[in-house]
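Asks: Next come the chains, spelled out residue by residue.
Protein chains: 2
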Amino acid sequence: MITVALDGMGGDNGMDATVAGAAALSVEPGDVSVLLVGDVRALSERLDRLRYDPGRLSVVAAEGCVGMGDDPRAALERMPHASISVAARLVRDGDAQALVSAGHTGATILASSETFRRLPGVRRAALAAVYPTEHRHGPKKDPFALMLDVGATLDATAEDLRSFAVMGSAYSSIVSEIPRPRVALLSNGTEPNKGTKAIVEAHRLLTASPLHFVGNVEGLEIPRGTVDVIVCDGFLGNVVLKMLEGVSEVFRDVARQASSRRLQWALGLAMLGGGLRELKRLTDWKMYGGAPLLGLDQVVIKAHGRSETRAIRNAIKVAAKTVRGGLIQRIQQEGAP
Amino acid sequence: MITVALDGMGGDNGMDATVAGAAALSVEPGDVSVLLVGDVRALSERLDRLRYDPGRLSVVAAEGCVGMGDDPRAALERMPHASISVAARLVRDGDAQALVSAGHTGATILASSETFRRLPGVRRAALAAVYPTEHRHGPKKDPFALMLDVGATLDATAEDLRSFAVMGSAYSSIVSEIPRPRVALLSNGTEPNKGTKAIVEAHRLLTASPLHFVGNVEGLEIPRGTVDVIVCDGFLGNVVLKMLEGVSEVFRDVARQASSRRLQWALGLAMLGGGLRELKRLTDWKMYGGAPLLGLDQVVIKAHGRSETRAIRNAIKVAAKTVRGGLIQRIQQEGAP
Numbered sequence: 001m002i003t004v005a006l007d008g009m010g011g012d013n014g015m016d017a018t019v020a021g022a023a024a025l026s027v028e029p030g031d032v033s034v035l036l037v038g039d040v041r042a043l044s045e046r047l048d049r050l051r052y053d054p055g056r057l058s059v060v061a062a063e064g065c066v067g068m069g070d071d072p073r074a075a076l077e078r079m080p081h082a083s084i085s086v087a088a089r090l091v092r093d094g095d096a097q098a099l100v101s102a103g104h105t106g107a108t109i110l111a112s113s114e115t116f117r118r119l120p121g122v123r124r125a126a127l128a129a130v131y132p133t134e135h136r137h138g139p140k141k142d143p144f145a146l147m148l149d150v151g152a153t154l155d156a157t158a159e160d161l162r163s164f165a166v167m168g169s170a171y172s173s174i175v176s177e178i179p180r181p182r183v184a185l186l187s188n189g190t191e192p193n194k195g196t197k198a199i200v201e202a203h204r205l206l207t208a209s210p211l212h213f214v215g216n217v218e219g220l221e222i223p224r225g226t227v228d229v230i231v232c233d234g235f236l237g238n239v240v241l242k243m244l245e246g247v248s249e250v251f252r253d254v255a256r257q258a259s260s261r262r263l264q265w266a267l268g269l270a271m272l273g274g275g276l277r278e279l280k281r282l283t284d285w286k287m288y289g290g291a292p293l294l295g296l297d298q299v300v301i302k303a304h305g306r307s308e309t310r311a312i313r314n315a316i317k318v319a320a321k322t323v324r325g326g327l328i329q330r331i332q333q334e335g336a337p
Numbered sequence: 001m002i003t004v005a006l007d008g009m010g011g012d013n014g015m016d017a018t019v020a021g022a023a024a025l026s027v028e029p030g031d032v033s034v035l036l037v038g039d040v041r042a043l044s045e046r047l048d049r050l051r052y053d054p055g056r057l058s059v060v061a062a063e064g065c066v067g068m069g070d071d072p073r074a075a076l077e078r079m080p081h082a083s084i085s086v087a088a089r090l091v092r093d094g095d096a097q098a099l100v101s102a103g104h105t106g107a108t109i110l111a112s113s114e115t116f117r118r119l120p121g122v123r124r125a126a127l128a129a130v131y132p133t134e135h136r137h138g139p140k141k142d143p144f145a146l147m148l149d150v151g152a153t154l155d156a157t158a159e160d161l162r163s164f165a166v167m168g169s170a171y172s173s174i175v176s177e178i179p180r181p182r183v184a185l186l187s188n189g190t191e192p193n194k195g196t197k198a199i200v201e202a203h204r205l206l207t208a209s210p211l212h213f214v215g216n217v218e219g220l221e222i223p224r225g226t227v228d229v230i231v232c233d234g235f236l237g238n239v240v241l242k243m244l245e246g247v248s249e250v251f252r253d254v255a256r257q258a259s260s261r262r263l264q265w266a267l268g269l270a271m272l273g274g275g276l277r278e279l280k281r282l283t284d285w286k287m288y289g290g291a292p293l294l295g296l297d298q299v300v301i302k303a304h305g306r307s308e309t310r311a312i313r314n315a316i317k318v319a320a321k322t323v324r325g326g327l328i329q330r331i332q333q334e335g336a337p
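First to last, the sequence lines map onto chains A and B.
With the first letter of the first sequence counted as 1, position 250 gets the number 250 in the numbering used here; the numbers rise by one all the way through.
With the first letter of the second sequence counted as 1, position 195 gets the number 195 in the numbering used here; the numbers rise by one all the way through.
Certain hints may be false.
In this list, chains with the same sequence are indistinguishable; a pair is considered to hold if it fits within one copy or across any two.
Unchecked claim - Cut-off 25 Å, straight-line C-alpha distance, at most; resulting in silico cross-link-like pairs (SDA-like, lysine to any residue):
| no. | residue 1 | residue 2 |
| --- | --- | --- |
| 1 | Lys197 | Gly325 |
| 2 | Lys194 | Glu77 |
| 3 | Lys194 | Asp70 |
| 4 | Lys140 | Arg124 |
| 5 | Lys242 | Asp155 |
| 6 | Lys242 | Thr157 |
| 7 | Lys317 | Arg306 |
| 8 | Lys194 | Pro72 |
| 9 | Lys197 | Ala158 |
| 10 | Lys242 | Ala158 |
| 11 | Lys194 | Arg136 |
These aren't lab readings, by the way, just hints derived from the structure by calculation.
Only a predicted model underlies this, so the values are computations on that prediction, with no experimental measurement involved.
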């Protein structure tokens, strides 16, 4: 049995999504149980209205939670028993094996960094985003690729980039079941001498590493998904990821306007049905799984703030799969510089 | 009369596109004439098959041209009379007032940098991309925004970013006819302290400048187009721009597959008509106008390699409009640090 500590309070859809996701998971066949952390009365009230297995889902008390607009450091200091901190301590103390949160990203990173230890050889943690691509990946034909860092580390040295590559490769190999994930550096050209100093040096380090390093890729390859893991510093990853969100929003806006302006367009959109879903999948990617925070000695999955029931349930399952796959051990084995 | 020197040999569509674009322009009402530079016999042969005004279009001889796969420096050294170099010298010597090329981007930048002078106060040139956005810009309701640098300068100091902002603002104000273009820095957060050291310092410099500086924008705002000019270093700009191209290609692939898989989807796409064109415009942006190379003492417009007749004609018109608007003088007036 693998136990996941879930911050029950976080996310734009709040307790409704976390409680429903945890309850749904508890009645599915499987070996995953959940500790739902937060305001006991409010969580229990919601839980009582749903079908769940009390043998695989319990509520753990916490006081307060970090709001989406809060300064994370100040909020965590003000509330020592905030739901994200209590959930992290359950993992640290061995009551759970992984942490899942749909709450404030900065607070999740901060509470994790303060509660868990950095793995030996890892100077900086990285937040990895799972995003949909045109290509399918691995034996499961996963329509997702991994990009890291997307915001935990603003600028990265060559050594940081190398360790991001090791961690991303280990995670991708477990979650997407790809024996040797193709790993690439994001740069402004495919030649080994293209990019910033840190990228050119990281190219050299990765060429000499046991990873399946395929070299540099350009921005074109991000949506195509010709590689399984794209490595970059957190500044670039943040801008790129938010741009993908922006493209997705513009796409929805334009489609909505088109369908409201003319009946013929609305009919056309309706006829597209499955064809349009394929496009939507490629742009409306925020509902999927979770983003792992890599480099600490525990498994941490950050579900997107807008996660709904299914996304929460998926994030818990991904966390359990990551624990079962021995992520931390693999990073330690492969990560020695 | 404004004369534009056009590299007649460059671009994926080669002489067919450049000759047809120049010929079409010469018979339009207006005060623009073209010097078409390249292989006289091959260009004249094509020209003879088209309607054109010999009073506004002449062919100038050059020997050789830089191929899309060539190393630009080696090619320009090997061919001192390559079409791009001859075209640049026509501008330097006053026979033309602007340079337009759809050929090798690196060769265009290199030939321009070697032939023209950098403006006083500008340490580095910047290549600016015009890209389509959801928002409309200025009194012309231009559906485009400007992003710079997109590849001329790999990493930029705060002072470089400031001068990119000055140059981008001057160009946008002339071409999109926006009296005070909204200028922003691309960063990983909107707060003034977000971003790399260079960005934080550039934020300070720009806040104190006479430009209409609106602060930092995140990746989300790139496709939305809530500002008129986005400033970043060439590494970030290159990755972001190529990713926009990638999104556009994936979009086309998926739409093509959808329409070939099912008759119903093909019909749905057909019914969408104009609604789809709007989406296509937002993703299939490579056919539009040209990218100015800014910071030199002459007007240089780089048309996209895939430019067709209409895009070449537009690039020539944009070049003439830029000369008429006094771009170089404006950058000199506004650019003093």
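Asks: Hint numbers the structure violates, sorted upward?
Replies: The structure breaks hints 1, 4 and 11; every other hint is satisfied.
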